[in-house]
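2 protein chains.
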Amino acid sequence: MDGHITHQPLDRLKELLADELQAVDCLIRERMESENAPRIPEVTQYLIDAGGKKLRPILTLSSAQMFGYEGRYHLHLAATVEFIHSATLLHDDVVDESAQRRGKPTPNILWDNKSSVLVGDFLFARSFQLMTETNNLRVLSLLADASATIAEGEVLQLTASHNLDTTEDIYLKIIRGKTAALFSAAAEVGAVIAEAPESSLCALRDYGDALGIAFQIADDLLDYTDDNPSFGKNIGDDFRECKVTLPVIKAIENATQKEKSFWMRTIEQGEQTDGDLEVALDLMHKYDTIEITRDEALSWAFKAREALKPLHDDEIKFLLQDLANYIVHRLH
Amino acid sequence: MDGHITHQPLDRLKELLADELQAVDCLIRERMESENAPRIPEVTQYLIDAGGKKLRPILTLSSAQMFGYEGRYHLHLAATVEFIHSATLLHDDVVDESAQRRGKPTPNILWDNKSSVLVGDFLFARSFQLMTETNNLRVLSLLADASATIAEGEVLQLTASHNLDTTEDIYLKIIRGKTAALFSAAAEVGAVIAEAPESSLCALRDYGDALGIAFQIADDLLDYTDDNPSFGKNIGDDFRECKVTLPVIKAIENATQKEKSFWMRTIEQGEQTDGDLEVALDLMHKYDTIEITRDEALSWAFKAREALKPLHDDEIKFLLQDLANYIVHRLH
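Here the protein sequences line up with chains A and B, keeping their order.
Counted the way this note's numbering counts, the first sequence spans residues 1 to 332.
Counted the way this note's numbering counts, the second sequence spans residues 333 to 664.
It is worth saying that the hints were derived from the structure and are not from the lab.
All of these numbers come straight from a predicted model, not from anything done at the bench.
Every residue, glycine too, gets a C-beta built ideally from N, C-alpha and C.
A hint or two may mislead.
[Said to hold, decoys possible] Computed footprint of chain B on chain A, listed as stretches where at least three residues anywhere in the stretch have a Cβ under 8 Å from a Cβ of chain B:
#1 32-41
#2 90-99
#3 109-116
#4 151-160
Construct the entire structure; sequences and hints are all you get.
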């Protein structure tokens, strides 16, 4: 892949956008208040303290800044995309029955599933209020479409788990819903509010889409390559949860009859015993699916960088391009 | 209470709005399609077949019609409020761990909690797309506020269950969130899209609010007075679920020390044995809380009728007024 890599484009973006990010934090804190239902700020605060890279608000603030936006609504939109993201995390943890995220207990464990479902709904509703305040119909329409794509992707993922017929095409739809739709909308709305030209909106939309896909493929790959129990992640979590991600799909495509039986037992029927993960990893190595999946992530990162090429040169543009490298960099 | 009662104002409204209601059904069916995730139309279709009175879309269509609206967006808004309602039902059943609704198994039982959470999210997102298509910022702002009130009410209800400190004031906030916020928004947005004058918007907003409160108080009261196992409702369901509704709040307000211990054991600690429901009912009768709660519902129904008085005379206006009577009529 081409180009140099700023090793910490994310840190540099955070530095450049420090004031805005702080203002977004204030807005988030303000909007998660609830005089009557203190459970709401409790759960939300925990979620926000638990960290996360703030990638989505950074995309929104970056694109607004690139096009010289001088108003205040980019803050609303940055808070909006973070709220949507937090809401999906809350619901995901319930659906996945997760107990840990980033090495900390998840809200569904600390409180209960009920709180996670309802506080998630509250965050969706708040995000909707925040974006409505911008009075920008185009932004609303983009975020409404993104919300529907996210929800559809989540349902699709649910029905695809345990399902060996999941194709690469369906996998792509799932990760577009899960990750790329919000990345793409986050990048585009910042430019919409800044009244950027049509061609630039298109560039940022494509950038966000490709960045999100690269990010999610990398994430799914790391599940088979990166053992990091201190972050609450263990190698093979997706395998144990019978999720059909790209490295598995690629291995199944090439499987012999005997190997197909293995995948049917472990993924479709979910009957796993000691040593099965090792067999799965061996099959992935046999068909080079780890390498092939890595190349796929790199090629989406490349597409993301290319998408921004037509935009005027700007430090933020270069950092966003480097961010695409950085995101898949963890794979090397 | 004043006035005559048309015995079936709802049937007459359905007759008057038959074409529109059919068009709303078409729109709903169209928007719950999902090429990729067939689980979505499965769950949604089931929910819609299971019936329900379609009160919310009827409110929207009625107010649009009263102000001579001739466009198509009232259909979008009617479908929007029905989608929001369906989404909250899906999430409620998960939170309440319900197994039956209107005498039929709930989707969380027929499929699973995961599907109910995610399909609910999908319906929220679809409702958001539908309302965005109207390009009416005022409508969007109203529905965004209603969504936040609904979600906050749900969280508040969760933290109020088992809680004897729940005041009438908190109870009112809960039922405003649970029921009245969407009734109120449903009635108002139909008139907003029809460009009704400001004073009429206010009248419809107040009508929906009072109607929703009357409706929910009646519902909570029926839980202690109406045994109807064929509809999947049994007397005392709320008591067994330790919900603190108005008849209980009124009984606790007056309780002796010994009676307080009874409520603490049964509602706060949730330790119930045979005969406890009968004791609870006796205490409610002792303090006339059934009668007092009924009067409260009737007085909100009266407020609802009064709210519409300033509007121009129209068959639909009279039917909406009768609807308020009809809703609490079940209490006699």
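Each hint, compared with the structure:
Coverage of the segment 32-41 of chain A by chain B holds [criterion: at least 3 residues with CB-CB distance below 8 Å; count 6]. Counting residues of the segment 90-99 of chain A whose CB lies closer than 8 Å to any CB of chain B gives 3, which reaches the minimum of 3, so the coverage claim holds. Residues of the segment 109-116 of chain A with a Cβ under 8 Å from some Cβ of chain B number 3, which satisfies the need for three, so the listed coverage holds. Residues of the segment 151-160 of chain A lying with their CB closer than 8 Å to a CB of chain B number 7, which satisfies the three-residue condition for coverage.
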